[in-house]
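Participant: Given the coordinates of chain A, work out where chains B, C, D, E and F should sit on it, guided by the hints.
Protein chains in written order, with full-length UniProt numbering: chain A, 1 to 314; chain B, 1 to 314; chain C, 1 to 314; chain D, 1 to 314; chain E, 1 to 314; chain F, 1 to 314.
Some hints could be false.
Any copy will do: because identical chains look the same in the list, a pair fits if it lies in one copy or spans two.
To be verified - Straight-line Cα separation of at most 20 angstroms, PhoX-like style, residue types lysine-lysine; simulated pairs: (1) K32 - K49; (2) K124 - K309; (3) K49 - K59; (4) K288 - K151; (5) K279 - K253; (6) K183 - K309; (7) K137 - K49; (8) K83 - K25.
Rather than coming from a laboratory, the hints here were simulated on the basis of the structure.
Protein chains: 6
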Amino acid sequence: MAKELLMHDVGEQVDLFLLIKSATKGIASNGKPFLTIILQDQSGDIEAKLWDTSDDEVKMYQPETIVRVAGEVHNYRGRMQLKIRQIRPSSPQDGVSVSDLLETAPISKDEISSKVTQYIFEMKNPNIQRITRHLLKKYLQGFLEYPAATKNHHEFVSGLGYHVVSMLDLAKAIAELYPSLDKDLLFSGIILHDLGKVIELSGPVSTSYTVEGNLLGHISIMVNEIGKAADELGIHGEEVVILQHLVLSHHGKLEWGSPKQPMIKEAEILHLIDNLDAKMNMLDRALKRVKPGEFSERIFPLDNRSFYKPTFHL
Amino acid sequence: MAKELLMHDVGEQVDLFLLIKSATKGIASNGKPFLTIILQDQSGDIEAKLWDTSDDEVKMYQPETIVRVAGEVHNYRGRMQLKIRQIRPSSPQDGVSVSDLLETAPISKDEISSKVTQYIFEMKNPNIQRITRHLLKKYLQGFLEYPAATKNHHEFVSGLGYHVVSMLDLAKAIAELYPSLDKDLLFSGIILHDLGKVIELSGPVSTSYTVEGNLLGHISIMVNEIGKAADELGIHGEEVVILQHLVLSHHGKLEWGSPKQPMIKEAEILHLIDNLDAKMNMLDRALKRVKPGEFSERIFPLDNRSFYKPTFHL
Amino acid sequence: MAKELLMHDVGEQVDLFLLIKSATKGIASNGKPFLTIILQDQSGDIEAKLWDTSDDEVKMYQPETIVRVAGEVHNYRGRMQLKIRQIRPSSPQDGVSVSDLLETAPISKDEISSKVTQYIFEMKNPNIQRITRHLLKKYLQGFLEYPAATKNHHEFVSGLGYHVVSMLDLAKAIAELYPSLDKDLLFSGIILHDLGKVIELSGPVSTSYTVEGNLLGHISIMVNEIGKAADELGIHGEEVVILQHLVLSHHGKLEWGSPKQPMIKEAEILHLIDNLDAKMNMLDRALKRVKPGEFSERIFPLDNRSFYKPTFHL
Amino acid sequence: MAKELLMHDVGEQVDLFLLIKSATKGIASNGKPFLTIILQDQSGDIEAKLWDTSDDEVKMYQPETIVRVAGEVHNYRGRMQLKIRQIRPSSPQDGVSVSDLLETAPISKDEISSKVTQYIFEMKNPNIQRITRHLLKKYLQGFLEYPAATKNHHEFVSGLGYHVVSMLDLAKAIAELYPSLDKDLLFSGIILHDLGKVIELSGPVSTSYTVEGNLLGHISIMVNEIGKAADELGIHGEEVVILQHLVLSHHGKLEWGSPKQPMIKEAEILHLIDNLDAKMNMLDRALKRVKPGEFSERIFPLDNRSFYKPTFHL
Amino acid sequence: MAKELLMHDVGEQVDLFLLIKSATKGIASNGKPFLTIILQDQSGDIEAKLWDTSDDEVKMYQPETIVRVAGEVHNYRGRMQLKIRQIRPSSPQDGVSVSDLLETAPISKDEISSKVTQYIFEMKNPNIQRITRHLLKKYLQGFLEYPAATKNHHEFVSGLGYHVVSMLDLAKAIAELYPSLDKDLLFSGIILHDLGKVIELSGPVSTSYTVEGNLLGHISIMVNEIGKAADELGIHGEEVVILQHLVLSHHGKLEWGSPKQPMIKEAEILHLIDNLDAKMNMLDRALKRVKPGEFSERIFPLDNRSFYKPTFHL
Amino acid sequence: MAKELLMHDVGEQVDLFLLIKSATKGIASNGKPFLTIILQDQSGDIEAKLWDTSDDEVKMYQPETIVRVAGEVHNYRGRMQLKIRQIRPSSPQDGVSVSDLLETAPISKDEISSKVTQYIFEMKNPNIQRITRHLLKKYLQGFLEYPAATKNHHEFVSGLGYHVVSMLDLAKAIAELYPSLDKDLLFSGIILHDLGKVIELSGPVSTSYTVEGNLLGHISIMVNEIGKAADELGIHGEEVVILQHLVLSHHGKLEWGSPKQPMIKEAEILHLIDNLDAKMNMLDRALKRVKPGEFSERIFPLDNRSFYKPTFHL
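The following block holds chain A by itself, in its conformation from the complex (with noise of 0.2 angstroms):
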């Protein structure tokens, strides 16, 4: 079972444990009910349909269940599929655990952890240095295991994390080549920016939007706590307007959720490395399972474009 579930071409023939990651009923042609789940390892995830599923069934395969999975491959409208041959549930004997099977960021919680405290620990400014601590040392655990979005780029767990390592390096050498930039508010606003995640989504896995999430979103839940963190450290320099200002106008522009564009030089940078990052991130996924000379599937946050990968990348 060494070979991961996206590891397989269309036309092979698949047997694994996987981990249904969403599972929804439905009414087939003939009437009768069906499931299209989700089934996922650490490769990815790809959809299948149960067909003539009795209630048994139905509670059986619930979102968060592992299960012994045979079948092939095919494909579907230019997707691939799973077309199930035989499943089950697993039992304890099988020895498998959900964490087996979930996609995680490619570097571990401890590195996460140390990388982005080692960048606090450079900082020179005080108050920039005391705010950012305090609010990661608040929201660590969920800083180190939460995705970076339900969807499109660094949704898989520690991706939040992940993100903003990959982001903090970035930084570092693009500060180094411009100067000016001022590297205590450029790695706060990074280590900030998006912690307001880890309020607005469920958790790592299986992640959906909380009630708070949905009515605020992680800038405005982020920009108060940056607030009150202020308010409990005793700190009222013009940092604390100013780390506001950096995680309030991150998604750049008005009509992509921040109430005000950058209007300081590093809130610029932040939102062009974020943005960076981001689309490296789903470049490097589209890409990985295309050959030389073909397109991928179409990224939608990306405009919805395909892209080419050259004959010469062999």
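Facilitator: Chains B, C, D, E and F in isolation, oriented as in the chain A frame:
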């Protein structure tokens, strides 16, 4: 001196005490300095030019100075201008104070205060009532004195409170026709929606934006304040998030500065009431000086439209 | 049979007389014909499928047929569907008539008629009054029976008259708060603004667009009717053009189908009142079926938003 | 005086009888009054300034006055201006009449009239023919004298009729290449499409918008007129609605003032022909004064583009 | 077999040789494979389903295969579908060839060729004439066989050449009415404007985009080709840049894929002629199957509009 | 004379040799001619007026003339202006040359040249390397001297080369963090992306657009050049089309002048790097003159935003 500034038609002589609202130095095409000054009394403001100004005169005619001016109203490119014949700074003996010359809301601060207090008193939900009362009390003085905006609508002393009172009365009438509306939410949302302007703007006279106003805006400022108020009052109910959402979404669309669109019925209605009262204020002020059968000046925030006064509106 | 169609929750059994609103033939993936039918009673409508339909059945289950249906409500992709177990056409002995099963306005045609008549009676400007009375009389029957639209809001029998009455009451309340408004203009504009729908649409049941409706639209139709009415009544005052302008501009923007934006104060306010009443209708209908703490279905004309019902709205 | 106004290059001396198209009073930066006047002859118009004007001069140089002017053409911010050395009102002895100085269409009113009459004569559908003839007859004088617009294209005496004749000839040529087109509809649509301008605009000279023009616009005005004409002629066929639709939709898009987009083939083609003839007129007028190898002034309604005249266009 | 595919109404029996245009495998809701195939003859194409297909059948019914099909036309969601009763691959004895079943332009390749040659022959500017002749000769075969697009308009064999000939005839008629137009430029621009499609597209049958077509597009491809042609012919006049500009700008706007808007009069007119001929083609094809008094299917590139055929268009 | 032009604050006296960048004649409101001249030295430029200019003076003060100017800096509507007290043309004895007064990149042409050469040297793909080297060599002089634009960013001597070098260094840093990027493609795309500007623009001083630049633009010009280079070098690999695509798509969106959006990962990243370096340049130049706690002038290409310099950025 009974006849106010804007009651004069083109061609009429003026001899009035006026307040300098702003004064900008320029260089005329003959190379000599001149001042463009905006003069106001309670009826509104008018532009005037002061030619060949000496350095002494520039210092003498600063904003917030009271002057006595004699001159003639004329029409310059479709806008009224005052052609100054004589001007001198007022002296204490003239017995004119700044407040005599400022445009103010048609109802007094006391009336505003007692009306709003009454609306809060009638609220039934204690969480909503307590947060609203707490924040109004905290920022009462500004609430009673600030304008609702630097331009466009309710841009006069006590404009903020007057706008809120008009909206409250309108909300009450609407809620009687649509009884499914939650009056507590609606009234509280109206009282709080622009309260952040007392931090966003510099003050009731010669109003400009503060740094915090520029970088965060009155929406984010008040969302934070609601969070702090709830913390201080020990309130944890969903009312907190809902009130924050009402303030957050009251501009109605992302591109108008709300990071979330309304997702609560009362939030949608709050936005519509705000809109209706602001438009009525702009329309009434623009049409006040227009004769039946004529078109008004263009009103910029109303898509730059001119409005027509029907000939039968005698 | 006291419990109406939409009062049933998912999983409940249904046994009701229902009206077929529409019926569309399809071919199932097994190559056999089936019918998609929309069934309704006064509480609203629901979709159902009829599998393996014979030609006789297709003829039997035409729109505007009353049927007796037994089955179960289930959830299909987030929308309710009726799974039919038994179905038969009703016979005269069942004693059920079409009007028993149509959704209608919450107030009667008589009430609508007398309220609108009263508003006309109170008008002071004789030109406005006579044109309004003339056109209402000419199209009274349609005005009392038509829906206000084919979908989105007030899409039920007498929806047009009900929408107008709500708007009139709202306009009256607003005009009391803003006494500069010309009530005659406002009331007449409200009564006439959608009256062209009695020509644009096919009728109160199974409503569709007429050719004239498609090619000209209710706005141009009614602008023409006002011109004709004035000619027939020998009225030449500016009121004619102003009333035409109110109808012409009531969609508010060119891209929403008004060839001119409002250029009269009452035209602007008419547009806002129309908007507010339509939104209240959509919001109340969407939230009616939602439990506290849940989100509604997406409402397409409200920018496709979901609305949340607070948990304290018990 | 053979050389016309716009035939003069920058730097040349001018001594001509000219017509004052408009005159606006201003106050110079030295506090003295001046007049900005637009002067025209048949070749076009030019701006000039009259400094230190007395009240008598202001009264003397009103719009539609003929004056004799000596001066020099110079270039002011990329536009030609006339620097006046001497100016006096013309006297009857000068023997110059207003019509000598107005720009007019290159073909006479008689030609326009007989060409359009011929096109109507050739129509085969009696309903279309009768409505078209009726309306042309009703508004013939205005049709032959009005401009097609106040600015941008065909903004000269008889511009409306000339524009229509050009479009008719173009439509005839197109209909020969695409024989599926209904020539009667196309010709009638062309003759009527802008005829409402004789009500929308004030007249052939110093043209401005009437109140009816502002509030309803030429499209709605003519749609009403077609309805009235059909009533008076007792015509009830679908031709009436179709002709109304052609006029209604001829601006092509909602945001360009058509409340319906074209839904008839001939309506779509009418829009394209209108567009093509207007653009040819604008392009020819703009390029007339440009030398090979140079760019024209920016043409506002053509997306503010400059057009280049190739060097090989000698 | 005289009656062609699209001449059949819903409900009629079909027994025809048809060409498979495309075939896509799917999985039915009973878990069995099926094929969605598009069948065509010279009158157009229609969709059909083949249920429970074996692997052999999938191989047998590939695109560009000729089959004999018996079945019935029915209506599926407003579009025609063919319900197959019998199907078999054709054999050589049937005597049917692919070209018998392809939709082609209504004029022959020879006619296209001789008409275009004549237009080039009449050019007076030798630089324009030589470049045009050179490029037409280089890509003549593709020019005579390719469609003008993969869908929307002129999407049939020889569609490109036919579109160009229609545009040339139209341009000639227009240039006679507006003699300021440079006919050489206009004719050359028309001949070259879409010629890059012979590189952008894969060929006349089952047309798709090439990699070069996707990454560069026919506009950039042809601009390059004009540059190369001029180099090879040793032509250095401004005509080269002007012709490149005509091709570059013929989509009219940046957002439609032209990196420059038209800045030459003939470039603007070329864009309008292209537009007019494409729209006539779409409208005629859509209205061909519509009866008087009915609306056509929605035409996507015409803003998704339906067009109405008047009842008097018998 | 050590203190440069833009180092002077408002109110300070200036006595400097300056270069006339542009000179425009106007007519003052007293009827007398004047000149608006832009004066520059290496620190930037400033506007000044020369009143009552004689014809001789107009000839004397042409663009690219060196003058000695004494005067005072003052503030005119929020922008700095120079009030001239004395002015005279420089003579050879003054020993000032044009190059002494031009703003130039902070690194020398030699440095630019050797850095770019080194990047080309390190390329591994011979096709990419040869095309890049060939085109750089062909246009080397312009590449080292031209600005990157006529305004907005890098609008100074050697701005093009400096912009490319900054982007190359940035690309190198990014490629180290995201090793999936093809460095050869990225570096070549950066070197070529704006190289067409040496044909689009007139030269390094008083830069304007050439006719070819206006009609084709630097993007199409360089796409052609890559095609020609590949022909001359006999290169036929897919690298040619890919490099053309990188140049073609580097503006990122159709409405920004790219006829194709990026469809290669490196094309997307090239666009982001171009964007980031241009914005850093604009931000640094705008903030250079701003004191902590103040807002910059509005930066037009950054959505016309003002940027704030935090008070703690001492």
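Participant: What hints, given by number in increasing order, does this structure fail?
Facilitator: Failing hint: just 7.
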